[in-house]
Amino acid sequence: MMNENVEQHNAHGGFPWKHVIGLILSLALTLIALWIVVSYSFSTTFTLASIIILAIFQALIQLLFFMHLNESKSRVWQIIAIGFGFFTAATVVVGSLWIMAYSL
Amino acid sequence: MIADIKAFLSDFLVLGDPLIYGADISIVLSMVAIVFVLSYFKKWKWLWKEWLTTIDAKKIGIMYIIAALLMLFRGGIDALLMRSQITFPNEGFLDSQHYNEIFTTHGTIMILFMAMPFIVGMMNVAVPLQIGARDVAFPYLNALSFWLFFVGAMLFNLSFVIGGSPDAGWTSYTPLAGAKLDPGPGENYYLIGLQLAGIGTLATGVNFMATILKMRAPGMTLFKMPMFTWSSLITSLIIVFAFPVLTVALALLTIDRLFGAHFFTIASGGSPMMWANLFWIWGHPEVYIVILPAFGIFSEVISTFSHKKLFGYKAMVWSMVLISALSFVVWLHHFFTMGNTAAVNSVFSISTMAIAIPTGVKIFNWLFTLNKGRIEFSTAMLWALAFIPNFLIGGLTGVMLAIAPADYQYHNSYFLVAHFHSVLIGGTVFGMFAALHYWWPKMFGHVLNEKLGKISFWIFMVSFNICFLPMYFVGLMGMTRRMYTYPEGLGWMPLNVVITIGAFGMGIGFIVMVYNIYWSARYGKRDKTGDPWGGRTLEWATTSPAVEYNFAHIPKVETADAFLHMKEKGTTGQISKAPFKPIHMPNNSGKPFIQAWLMFFAGFGLVFEWYWLAIPAAAATMLVMAFRSFEYHDHHYIPVEEIERTESATGRLN
Ligand code: HEM
Ligand SMILES: [Cu+2]
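Heads up: the protein sequence lines correspond to chains A and B, in order. Residue 81 in the UniProt record's numbering sits at position 81 of the first sequence, with consecutive numbering throughout. Residue 607 in the UniProt record's numbering sits at position 607 of the second sequence, with consecutive numbering throughout.
For the record, the hints were derived by calculation from the structure and aren't laboratory data. The hints are all genuine.
Below 27 Å or equal to it, Euclidean Cα-Cα: the simulated DSSO-like pairs (lysine-lysine) are:
1. B/Lys569 - B/Lys372
2. B/Lys591 - B/Lys42
3. A/Lys18 - B/Lys214
4. B/Lys556 - A/Lys73
5. B/Lys556 - B/Lys569
6. B/Lys224 - B/Lys314
7. B/Lys567 - B/Lys528
8. B/Lys43 - B/Lys591
9. A/Lys73 - B/Lys224
10. A/Lys73 - B/Lys214
11. B/Lys577 - B/Lys224
12. B/Lys214 - B/Lys224
Sequences are here, hints too, so could you generate the full structure?
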């Protein structure tokens with residue numbers, strides 16, 4: 001198994017444009033989110049909504065540019081893993097909101 | 001000026017407490033002793049080349065296990081100190097502050113720095129061998145995981161002698177653990193120490209998931225994997241999804257404490273209860289992280305020593321899958337009493353009870369594996385057999401605690417303390433002890449003495465029950481958790497005396513086990529065969545201890561219990577059959593060690609809010625990572641001649 005990995009490593013080569021673009025995009029999204037929050041010039045609703053949307057884009061960029069989501073051969077595992085990820089994320093968010101609704 | 005320095009040193013060095021002076025002296029003495037021994041025997045180079053820079057999973061596993069045993073000792077001493085304080089009413093051995101610190105360090109160390117490394121250590125020792133691989137998927141990352149865990153544990157332990165221990169419980173609930181009510185470095189140590197170790201654990205989860213999914217020997221389909229490998233896969237999955245929640249929660253509380261944010265303070269719109277919520281979103285999956293690998297080990301041990309195939313293999317797997325999903329939807333049972341609505345409590349009450357179903361399935365599977373088996377009462381098997389009833393007690397009392405209205409009675413009483421020790425000791429610790437005896441020959445090439453092993457088993461197991469069964473009752477009598485003393489006349493004394501006797505008995509059992517380790521290293525039976533127990537899975541197909549590259553030829557797998565099948569077909573020799581091909585292996589590296597210690601100093605800087613230390617150390621960490629990414633020669637080939645030499649030295653060459 002590992003033998004094959006070596007060959008793949010060395011085969012990479014070329015300038016990693018994808019990573020650089022991903023890095024710039026994710027930095028930009030982070031800075032925009034930070035600016036929206038610390039500038040205090042928007043309503044709370046707008047602030048919250050916009051940072052959530054930015055966070056979703058951030059997650060997509062991470063998955064596509066760094067985690068090679070669309071490059072792998074073993075699709076099944078990716079689907080299972082992402083499905084489980086959605087399941088836990090949803091339980092955490094929905095569960096916390098429900099639990100905290102009365103005790104905040 | 002001088003007065004300032006004096007005041008600083010007095011806090012920094014925690015002056016004025018004889019117990020801490022004792023610790024200071026013993027730490028300095030043992031450091032001097034280690035340095036002396038290493039220098040006298042000229043072992044520095046050996047230590048660096050063979051251990052500190054190793055990225056061999058087998059050795060990393062051994063280091064994890066040694067660290068876990070040391071932490072078990074430290075946590076055990078904490079436990080005995082606590083028990084000494086609450087044996088009799090109105091004792092003055094420890095004051096309340098000191099007691100708070102000790103139950104905090106005991107709980108945190110036992111879970112994060114004892115149970116976790118023990119499990120990860122066993123995974124490192126056994127999983128690559130069980131799936132017929134030569135190492136894990138990312139060996140360098142594996143070394144980094146270990147060293148991050150190690151420096152996290154060291155940072156946490158340092159709090160005792162430098163700056164003062166954390167004292168808000170292993171759960172570190174806000175607002176108590178916030179900056180306002182608990183100033184000083186203690187809680188910072190908790191936050192940063194766990195953060196470092198947690199990052200290491202997260203990387204371990206990724207690593208073992210990739211290893212098990214991608215590096216199995218040809219022919220080993222998922223449903224032919226050994227049960228311990230299955231449990232490691234599921235555990236890794238839970239780690240990957242649960243630990244990020246801890247990372248975030250710790251980071252938020254750190255930001256609260258160090259930079260004055262208000263995530264968990266009522267002021268400025270924060271919510272202290274959010275901490276409890278986030279902590280247990282991680283915390284409940286965490287208890288399954290520490291129990292599932294033990295389940296895997298029991299499956300291996302029970303099947304091996306019943307000389308029978310594991311009963312209901314598929315049911316075992318699916319029940320673990322179900323447990324992993326359910327473990328994410330029960331966390332509220334840790335705070336039923338926090339004032340949620342009845343609907344919230346009911347839902348989580350039912351989801352909690354549902355977990356008992358797959359767990360029960362597993363218990364029956366083990367019982368049916370034993371049924372009509374040719375049972376061999378080895379030490380490992382004794383631990384596995386004792387697990388069943390002891391864990392059952394913990395599981396059943398767990399179902400009692402899951403009944404939300406009743407939990408208002410049990411919550412935070414000694415009944416709860418007894419419950420979680422029943423599952424943690426009766427499950428996890430028994431499991432690790434079983435694994436220790438079972439895989440010891442694979443790690444070190446000799447078996448542990450069976451007679452001493454059985455003596456330590458009986459002393460420990462009986463004392464465990466003497467210690468924890470009475471706790472259920474003293475809890476029902478009203479004694480609450482985290483109580484540093486109790487008044488006379490409540491009728492609690494007789495039970496408390498019994499509990500303390502049991503606690504010391506467990507200490508004796510542990511000492512016998514350590515003595516067994518020493519005795520067996522000197523005189524124990526050497527394992528020349530590589531297969532001392534009549535094993536069924538691939539780790540027994542190679543030598544004890546396994547050669548550097550695990551298998552000269554990767555075995556071909558046709559069935560579950562692959563090695564047993566090879567023995568039946570008489571094909572065991574093929575693993576060492578000439579001709580060989582050069583074997584590709586990763587290079588050792590000192591970078592994980594260096595990077596982790598830089599992170600230690602960055603963490604230490606954060607604990608004391610010394611940014612002049614934290615920032616440069618963090619920058620240096622980045623630098624090491626940058627250097628690593630330009631490292632192209634990170635592997636080598638073992639030449640055929642060397643493989644031939646190694647194989648003929650083991651007497652296996654054919
Ligand atoms: C030698 C065996 C042990 C003894 C005698 C023992 C005893 C105790 C005692 C007396 C307490 C404090 C109860 C209180 O005052 O609230 C405690 C708490 C705790 N123990 Fe143990 N223990 C042992 C082993 C373990 C192990 C092996 C684990 C985990 C794997 C563990 C996990 C915990 C935890 C999480 C707490 C709660 C700490 C807190 O309240 O924050 N213990 N134990
Ligand atoms: Cu739980």
